[in-house]
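Turn these sequences into a full structure, and let the hints steer you where they fit.
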Amino acid sequence: MENLIKTFFIKHRDFVHAGKPSIEIKNILKSLNTPPDIIRRVAVCGYEGEMNVVMHAYNGRMNLALSATRIEIRITDKGPGIQDIDQAMQVGFSTAPDEFREMGFGAGMGLPNMKKNADRFEIISAPGEGTTITMEFKTRGSDG
Amino acid sequence: MILSEIAVILKARFLFGEEMGAKEIFRIGASDLMSDLLTADSAGSLILTGLATQQAVRAASIAGASAIVLIRGKIPPREIIDLAGEENIPLLTTPLSMFVASGRLYMHELKGLNNGR
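Residue numbers (numbering that gives the first Met the number 0), protein chains in the order written: chain P, 0 to 143; chain H, 0 to 116.
Do not take every clue at face value.
As the list claims (entries may be wrong) - Some, not all, of what chain H presents toward chain P, calculated at C-beta under 8 Å:
#	residue
1	17
2	21
3	32
4	33
5	52
6	53
7	87
To be clear, the hints were calculated from the coordinates, so they are not data collected in a lab.
These numbers come from a predicted model, not from an experiment.
Each residue gets a CB set at the ideal place from its N, CA and C atoms; glycine is no exception.
Structure representation (structure tokens):
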């Protein structure tokens, strides 16, 4: 059963507010005494996901769901979708324009880093239909 | 090594957080790519970067970094210094380049983000 569900909205090209939701999630988890390593992994995944929406999609939202045993982050966007998911998952692959690279993004590390940091990582995407990424983090035990 | 000692080595001055000069710094990351910092173990680190942006501060906060040093004498706009204050991350500026700043810290036995040397 989920105890807390919170939704954050993410806007395309909004570099001023991007990252705020992930910092808020970090602070929520901190206040719940979540172990620091888990907080860091959740925040990194949320932030990388936010930046993907800001750079590539039109707009999107990030849902945080918490229970006693798990944390789930789901990022859904209305965007162009991903042509080739296997290629997008490769370290160093990026379709980000130079404009975003100059700001320190588009290194092609985001998706693989999200997969690495989450206990479960699922990506659903199709060209023209947007992208949904679901990540789960276990907070207690291994059987969840 | 503590932050105030690093500030002396880098001839850096504090834009925010001088009172946190006693913070222990365990490792150093030098990059202008935010994902590089988020991929490595950046907890308790000092970040050297040429990016004087809000996202540099937010990425440092997400990564659990302990301080940010801007290279080549960059002074960010007021709102970025304020954001460092909100996130409670010391923000410094050094006149040195990335290469020279990194080299000086390496000479002082400091390690990289994944404790490499």
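Hint check: 8 Å Cβ-Cβ cutoff, residue 17/H to chain P: 23 Å, violated
Hint validity - residue 21/H Cβ closer than 8 Å to any chain P Cβ: Not OK, violated: residue 21/H not within 8 Å of chain P, min 21 Å.
Closest C-beta approach of residue 87/H to chain P relative to 8 Å, hint status: 12 Å, violated
Closest C-beta approach of residue 53/H to chain P relative to 8 Å, hint status: Hint holds; residue 53/H Cβ to chain P Cβ min 6 Å, cut 8 Å.
Satisfaction of the residue 32/H interface hint, Cβ to chain P closer than 8 Å: Since chain P brings a Cβ to about 4 Å from residue 32/H, closer than 8 Å, the hint holds.
Residue 52/H as chain P interface residue, shortest Cβ-Cβ below 8 Å: 6 Å, holds
Interface hint outcome for residue 33/H [beta carbon to chain P under 8 Å]: 4 Å, holds
This entry does not satisfy hints 1, 2, 7, going by the numbered hints stated previously.
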